[in-house]
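Heads up: the protein sequence lines correspond to chains A, B, C and D, in order.
Per the working numbering: the first sequence = residues 1 to 378.
Per the working numbering: the second sequence = residues 1 to 378.
Per the working numbering: the third sequence = residues 1 to 378.
Per the working numbering: the fourth sequence = residues 1 to 378.
The calculated lysine to any residue pairs, modelled on SDA-like cross-linking and capped at a C-alpha distance of 20 Å, are:
#, chain 1, residue 1, chain 2, residue 2
1, C, 34, D, 148
2, A, 371, B, 10
3, C, 187, C, 255
4, D, 371, D, 39
Residues of chain B placed beyond 10 Å of chain A at every Cβ, according to the derived structure:
#, residue
5, 38
6, 46
7, 72
8, 151
9, 227
10, 255
Just so you know, the hints here were simulated from the structure itself, not pulled from any lab data.
Here a beta-carbon is modelled for each residue, glycine too, at the ideal position from N, C-alpha and C.
Protein chains: 4
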Amino acid sequence: MRDLVEIGMGRTARQAFDLDDVEIVPSRRTRSSKVVSTAWQIDAYRFGLPMVTHPTDAIVSPANAIAIGKLGGLGVLNAEGLWARHSNVDEALGRVLRVAENLEEPSSLVRELQELHAAPLRSELIAEAIKTVRDAGVTVAARVSPQHAAELTPDLLAAGVEILVVQGTIVSAEHVSQDDEPPLNLKDFIAELDVPVVVGGVSDYRTAMHLMRTGAAGVIVGHGYTAGVTSTDRVLGIGVPMATAIIDAAAARRDYLDETGGRYVHVLADGGVTCSGELAKAIACGADAVMLGAPLAAASDAPGKGLYWTSAAAHPSLPRSRIAAGPDIEVDLETLLFGPSSDPDGVVNLFGALRRAMAKTGYSDLKEFQKVGLTVRG
Amino acid sequence: MRDLVEIGMGRTARQAFDLDDVEIVPSRRTRSSKVVSTAWQIDAYRFGLPMVTHPTDAIVSPANAIAIGKLGGLGVLNAEGLWARHSNVDEALGRVLRVAENLEEPSSLVRELQELHAAPLRSELIAEAIKTVRDAGVTVAARVSPQHAAELTPDLLAAGVEILVVQGTIVSAEHVSQDDEPPLNLKDFIAELDVPVVVGGVSDYRTAMHLMRTGAAGVIVGHGYTAGVTSTDRVLGIGVPMATAIIDAAAARRDYLDETGGRYVHVLADGGVTCSGELAKAIACGADAVMLGAPLAAASDAPGKGLYWTSAAAHPSLPRSRIAAGPDIEVDLETLLFGPSSDPDGVVNLFGALRRAMAKTGYSDLKEFQKVGLTVRG
Amino acid sequence: MRDLVEIGMGRTARQAFDLDDVEIVPSRRTRSSKVVSTAWQIDAYRFGLPMVTHPTDAIVSPANAIAIGKLGGLGVLNAEGLWARHSNVDEALGRVLRVAENLEEPSSLVRELQELHAAPLRSELIAEAIKTVRDAGVTVAARVSPQHAAELTPDLLAAGVEILVVQGTIVSAEHVSQDDEPPLNLKDFIAELDVPVVVGGVSDYRTAMHLMRTGAAGVIVGHGYTAGVTSTDRVLGIGVPMATAIIDAAAARRDYLDETGGRYVHVLADGGVTCSGELAKAIACGADAVMLGAPLAAASDAPGKGLYWTSAAAHPSLPRSRIAAGPDIEVDLETLLFGPSSDPDGVVNLFGALRRAMAKTGYSDLKEFQKVGLTVRG
Amino acid sequence: MRDLVEIGMGRTARQAFDLDDVEIVPSRRTRSSKVVSTAWQIDAYRFGLPMVTHPTDAIVSPANAIAIGKLGGLGVLNAEGLWARHSNVDEALGRVLRVAENLEEPSSLVRELQELHAAPLRSELIAEAIKTVRDAGVTVAARVSPQHAAELTPDLLAAGVEILVVQGTIVSAEHVSQDDEPPLNLKDFIAELDVPVVVGGVSDYRTAMHLMRTGAAGVIVGHGYTAGVTSTDRVLGIGVPMATAIIDAAAARRDYLDETGGRYVHVLADGGVTCSGELAKAIACGADAVMLGAPLAAASDAPGKGLYWTSAAAHPSLPRSRIAAGPDIEVDLETLLFGPSSDPDGVVNLFGALRRAMAKTGYSDLKEFQKVGLTVRG
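Same shape as in the complex, but just chain A:
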């Protein structure tokens, strides 16, 4: 039943599909959008939208995290990004924007970001950002890399983080390293925490299963691949066709649920979503929520002023993300999420579109919609 393709003598490969390779097929009674729910809950936290942000300064400032929270989503602050290194982030972002305005080449933009990230981490800065969000009454989340998780987490918890995101390009349950770089044992790390932890990214069933066994509340699939922005495939040879990756992680979720007799680990899809149609497809493939990046950069009130990059853009020696401009649409975040829209290409009214996709295919909640039929292009 596994469709293996012989790609050479004695070597087979699975076929893998991207979100834009698949189509949703309506085949049931239609419903009114009004009877559709997009509610999502992870651990004790309940959200109106199945939306978590990619942890990039291009879309998440404390102010934006608050706005996102009030609209029903979860903004994730990058605890190793600009808000953790600079007291005046507006000025720092301004430097990137000026380079972009001068139409300089991709590497100049990356270099600017690398320089800004060469400033040391200051725990009091990110703590203040976290408190700002928490004080506004919305759920507060922050991301750390696996390398710095052990070191940075205590301060984040002290500052009031409610959901911890441990995220790198590829994360495994165990990391092999030399003496000067202590490995992170995720299982031990998570066991000691009182807050739910979301970890990733992964791109296959097996690693997803291992991460689920660490006690994580959620597993991230993918690493924020977005057309024109991230290029992990060109840099590392590791591309993640998201439709297949999400489906595989959902299979791990199902098997782990069976193995544990009922522990449900959420699957968050990070990448491949550039429009509302692909957002719907990510859920249709089995994602519990979508980690949105580039689409949110189009909001007129986004910190990056229309520019987008992933958290891998600032790596000091091997950056894996361009800094690119998104669609120029001049709507605020609320309109971006809920409309109304005059845009015919699926970049405005993202969740109105999701509701309508669910309604037109006859599903009333996200969990049900994960079973909708799909076709692939022949």
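Put chains B, C and D on the given structure of chain A with help from the hints.
Coordinates of chains B, C and D only, in the frame set by chain A:
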């Protein structure tokens, strides 16, 4: 025999094909084009061409509906469009054209159309349009959305509509809704009418079968997808590869014919046709008639003066169609349909080309031509 | 073993491949190009190259037919083209070139050609052209359409034609027509002639087999499809993926050889060849010779001065060919065919490249090279 | 298990894949990049990097060969290139660069190169180049064509060559030729030499196996295909989808190892690598080392000053390589290989990226990494 592809662990999808993925294969005696018939009949109405228009103001005014009828096709007035809302449609269309001339962005054009559609429906206006067409002695058809079908139909019938088209992006035989939005039971609705009803769109066998069981005379496959114009795939994740969708609906037609011992429900293909070759392929896949849109916008006497949009372009909160310019060819409608042509790309002499495709493959009528052999690109 | 794909419920299609979908695989001892022969013989006529021209005025004038013949190929005069209608063809072609220089749109060019072809056929003109070629001592061939074959052939034979080409877009052994258009029975027609007849185009095994049974010496596969020039797919829905079409016709050749106990009918590939690599692939798929069109238009001494069109470009009501400029390379015909080349893209030294492809894969004659291994892109 | 596709009646073809058709799938514990080794050894020669250069003057001068050697790779001088024909190579290259600056067409650049290669081979020149490299203390390698191998090799050995590369587009163990062109019997040729010999290119299992049986230390797969530069597919019809070609050659390596009870012949991949991700994929498919070309031309200190061509570009009658500009990145060779990088597209820090790809997928040496899982695009 069903070709299922494993797109991830435990999840399969059918392969689906678009019209431009397939090719017609000649394999019989050739015929003279003169011995080929393109006649089509639905209910008591007989047409020289298997052509119904997409119900958009960009191509159908009362005057154009008359011209189309006299040339052998069926023009469908949009009973919820500009002719139902504005007493001076020329002026209204002029506003859209002016925005287009100023080269403004897609959303500005959509916004203009949304504003024009915010004007209230006035039943006397569409009634007058219908009478104008009927008085000219051609078959008159009008389109309503499922939401407004019950409300608007009585006036349309009173005005003399002969064929009713109930059309939304995705239509099912039963619609689930809340109290404030009464569901349309298509079976009951159709049973009470004396005129033939065409309903859609659908994209799969099962929904097509359900719609056939409502008593419809015809079922529409697709939702007017045209390259560069409609983007339901980007907005809702619902793309409809038309070759497969038409073949599946034709399978439903065959099974329903068997189930009922002889009731033949017509399959109308709405989308994927940008040239005469694709028109021929739509029939070759099993369509009884083609719902033409963008190709007709190229006529010099089209109301949209070369611009094209589908009826989904004016949706107030979630538009799913660009407003785009078609090929600039400067021929009138009659030449567009019957030639002669100096255009080498299949946009002029649409039905002369269909006749020739049938002749070259040795078929003399449309029903036979539905069986012609096809290949797919490897 | 037949790879059928389900393209919809109850409908299957064969996969078909174009020349640029396949690759030749070297897997034997290499040879020196010097020990390779590209000789080809049809009926009593022997050629140094497996090359026949597409019968278009863009590449074949009497002078060019002589030059082609002296270099080892066979030029085919279009007996229904400009040389059969105008006493001053240079002036006629000049009109087309002037329209092209003014950068007018495709349909203007086609219209010019249509007007030039509206002039009546004059048998004395084409007779003179044929005699000119024959007097130069090279084999002389001319093309007629199936519609005019019976009427025009006697004069062509009287003028000295040695190989007759009966060519339309799609030709079948029997053509069904009305009384005012007498059908051509190819079998009877060919039986009465003393010269070898080449007929086509066909695109499938069955029609190829039927044409072989008419007594034809050669069957043409395809209808001159060339990227950017011919658009039979867009106009009629009939595209011919040439790799599969050639292989199928070669299968018919094999089966007909068996059926007749030894009559070998040549397969000529007309289309899909834009460079020397595709020329080699056409032979590798089983063609005995290639009907070259667009690549020859690049010669500095071609009548079309770099413009190319197929014989279907001038159809009065349904043209199926653009008039397009080829590569601008400034070499004469001899260099185009035999080099030397400074062009890295396979448009110069066409037959030097074929020899080298045969040598590198270890084959010494064309018939053997038809068995070389192929891969397809996965 | 062999996936054969029917491409026409009675003719099948294997599916073949390029490096950019496949993706590496992480599915094990991750590692620190610091515990990863990229060491490679062939015969007695040990290298820090699995990198050999394509033997083109665009990237290898004696000075660059020394620099490459000191950084851990192996530069291969083209013993039939400019360094073997001109005493002032800088001036010769300057002529090519001037033509390029004047934006002349591809064939003008090729013509310039052809003229430069029309100068006679002078053994004292290449001997001097070899000695220069050897005196610097790095391993010295030079390439000869199969045609001139017998004639040129003695002088190269006398000059101190340590690894001999016998390379043509397609090389077989035996070459059939006429009397005036004595064949090279590779087995006899290699048996008489004391230095390890690397031979190629090949594109299939069988030819690879035959070359391994000649006693070669390494076999080259491919012929330097690089997007935009080489066009052997267009010229000869012989394209080499590199993922499949490398896998097949690795299968030959395995079978030959078994057949000989332990002789390990290295597989060098020459082509298809334009970025670090594809470099990683080449190893992942089974290559022991990669023959790098175009990516090295981007170094600010490359002899071609950013231009790139393969050794087939200067063929006097049938060139098969464009001369093209690579990415404009302004970093030196060391940074190109080891970073740090501000480039997000995989063209800088090529081997830092390889280490990271190995680390992220959990492998610690190249031989192990050849087993990493792969997917193909569906």
